[in-house]
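For the record, the sequence lines run as chains C and V.
Going by the working numbering, the letters in the first sequence line up with residues 85 to 279, in that order.
Going by the working numbering, the letters in the second sequence line up with residues 18 to 644, in that order.
Mixed in with the good hints there might be a few duds.
What the hints assert, rightly or not - Straight line, CA to CA, 30 angstroms or less: simulated DSSO-like cross-link-like pairs of lysine-lysine: (1) Lys98/C with Lys242/V; (2) Lys107/C with Lys59/V; (3) Lys242/V with Lys107/C; (4) Lys98/C with Lys601/V.
If you're looking for bench data, these hints aren't it; they were derived computationally from the structure.
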Amino acid sequence: MEKIVDLRIVEEPKRPIAMHPKKFGMWLFLASVAMLFMSLTSAYIVRQAEGNWVYFELPTLFYVTSVVIVVSSITLQLAFSAARKDRLAAVKPLLLVTTVLGLFFLVGQFYGWKQLVANSIYLVGNPSGSFLYVLTGLHALHVVSAVVFLLIVCLAAYRGKITSTNTAQMEMCTTYWHFLGGLWLYLFIFLLLYR
Amino acid sequence: MATIDIHPHTSVEHHDEHEHHEHHGNFWTNYIFSEDHKVIAKQFLITGMAWALIGGILSVLFRLQLGFPDANLSWLKPILGGWLTPEGKIDAEFYLALVTMHGTIMVFFVLTAGLSGTFSNFLIPLQVGARDMASGFMNMLSYWFFFLSSVIMFISLFISTGPAAGGWVIYPPLSALPQAISGSGLGMTLWLVAMALFIVSSLLGSINYITTVINMRTTGMSFTKLPLTIWAFFLTAVIGILSFPVLFAAALLLIFDRSFGTSFYLSDIYIGGEALPNQGGSPILFQHLFWFLGHPEVYIVLLPALGITSEIIATNSRKPIFGYKAMVGSMLFIAILSFVVWAHHMFVTGMNPFLGSIFTLLTLIIAVPSAVKIFNYVTTMWKGNIRFTPAMLFSIGLVSFFLTGGITGIFLGNSAIDIQLHDTYFVVAHFHIVMGSASFFGMVAGIYHWFPKMFGRMMNDKLGYLHFWVTFVGVYLVFFPMHYIGIAGFPRRYYSWTNFDTFSGFADLNHLITVAAIVTLAAQFVFLFNFIYSIFRGKLAPANPWESNTLEWTTPRVPQHGNWPGEIPTVYRWPYDYSKPGAKEDYIPQHIPFSETPESNLPSENELIKLESNNGSPIVVEDKKHH
Ligand code: HEM
Ligand SMILES: [Cu+2]
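Bound conformation, chain C alone:
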């Protein structure tokens, strides 16, 4: 039997494109949160079309909290770009400011609810008010989770774990925060337009 050394040319297949799996997972999570709110706002429209709908004024505080959440998105974005450029000294204070603004937002929403109660809009009653509380409350609950996430990132920053080469966690937090800011603006404008 002859012994051969066969020369083969093996085709070299391509590696499939791949993203950071955790960041990608975060986007999928955001998609499901988006569906949750979209279904609730659709339900709102469907219900409103049936009549028997009590008109309400949005609390003036919601205008303030809208500005707060937009500003907090800006400070977080600044923190994130600072981290990417390794200007670590700027990261911590900016993160802290964002967290505090986030807490401000939550407090603002709570006092917004108080204004609603003062206007005799209650959770129990005509569905228009119920929807208002459920939508804003569910959003606030998500913001609470995002604030916790921010605190975790703050902790990481203070432990020196955030550097220009290690920003994945911070990037996910930033994405989530921007998403919730955008979601609030969507809800706010939605409620302004359909009430």
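Put chain V with the ligands on the given structure of chain C with help from the hints.
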């Protein structure tokens, strides 16, 4: 024999980033809180099978009532206790609870968690060539949320007011008012809590599946080389992410109505002459939200089974799947359409007839991709060297059910005909054949087919055949007569018809169904025995028992954490090179390069080799042992 591989080297980093290392943990981290996708898959499987058993037993209980309304069931006293009336009959409200829990368990716990949870977890990393899921931790959480949800749902079966009883669709106001039916008390609360946890579990799972399929594929595994199983699991997960949050919204508003006094779904309700304070709600709103999940959900249940079937039918027909692109395309089309047909469940809610026509049209369009799939299964088998393994038989059974049940869907999809058929046994026949039985058969087929990879042993074929024939005939005997009963006007979810003379003519048919249901359930114990016995005593499985092409069969007999002891194989071809003309054997696995099979390459594939080697990059010669 020594060979020298010549790689036109472009990158060095195609070797695995993280070197494989053996994982040694203790019992708890290996079997209970494991992050290994294969262990998690088995956990889902075992839990799902336990649920299937419970769900099956519940169904036989209410079938006894329907088939033999006058029988004395007092011998069931030890199990049912207070749910039997003094005359030994099933309590009427408990009957409703049985139907409700049967539906909930089968749709969500068996055919969603048991099916996707098992096979997406088990097969995605193995078939795309990954060491594990994108996040093993999230995957573990997904199982434990499911487990917690299961425990709560299970507990609800035993509480004194009984489990939820408003139907698996939990329509308010019935489900919203404890005064309406005792099951709407604590039982309904537990149902809602369990489902909320279930949704979390399902979302965690889906996020992982999608992320893994997109980001963790091995070198060469392009989307066009993915096995159809993976396509199916992938699309299922996408549907899940988009639709389960909607069920969550529906449940959330219901929770508010039940516990906080809001009126999202309640209005103008009088109980005992007293008006409830709730005003301004709309129960139809719930139906919209529910069915916006509910219809996609039926495809969440079916698509994985279809994917499993595609794989099994191609392997056992020893033929390439007919129309791979058409299969992917039709699944994609079904997935999209599944979001725009929900109102076909609501034709009789007083919707605008024009809207009804739109939904009729959209619904009937689904028949097109469904027919494409059936056509492709049949053409794949056509003139194949079919190997009738139990898995293959169950897959063929699925195709049969998908056809039979799909046809009745076309009847129901017409809003005018549905006015007669809605909420009758015709609907029950339709969805038990097309969803229940088809998906169940897909799941069982998957178990028979991948058992060797899961447990390293073979299941017994003879018992498999027995299981198949009894179940297949049994399913038709149970559900086919229901079409006639339904056309005759029997409404579903009725405790008894003995008060109506019109319906007494169908008593024999109802006996027959009940007897067939008992026999079919009994056959599942054959399977259960086979399953458990084979785990411990089955014949040791060869590495590739079905001579299949996909990557999972390149792992050792019992793959350890990390799946491949060495490097992850590279993929060169699609998974369906069965009986390729000229080839030495009738299958060429995905990891065999075209350069090793010059005898069977198509001209275009030879072209691929040349192209790859002449792209100007330096050619590196490495010497290595033949693999
Ligand atoms: C050709 C395709 C299909 C069409 C046109 C179709 C149409 C329909 C229609 C119109 C109904 C509502 C009947 C009523 O309640 O009056 C229905 C019910 C149902 N269908 Fe289908 N269907 C099709 C395929 C499927 C598939 C593939 C599945 C599952 C995998 C499925 C699962 C169900 C379920 C679970 C129900 C009843 C839900 C309930 O009321 O409890 N259908 N179908
Ligand atoms: Cu449907």
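Distance restraint between Lys242/V and Lys107/C, which requires alpha-carbon spacing of 30 angstroms or less: holds (25 angstroms)
Pair hint Lys98/C and Lys242/V, alpha-carbon separation not exceeding 30 angstroms: holds (12 angstroms)
30 angstroms Cα cutoff - pair Lys98/C, Lys601/V: Roughly 27 angstroms separates the two Cα atoms, so the pair holds.
Straight-line alpha-carbon gap Lys107/C to Lys59/V, limit 30 angstroms: holds (28 angstroms)
Violated hints: none; the structure is consistent with every hint.
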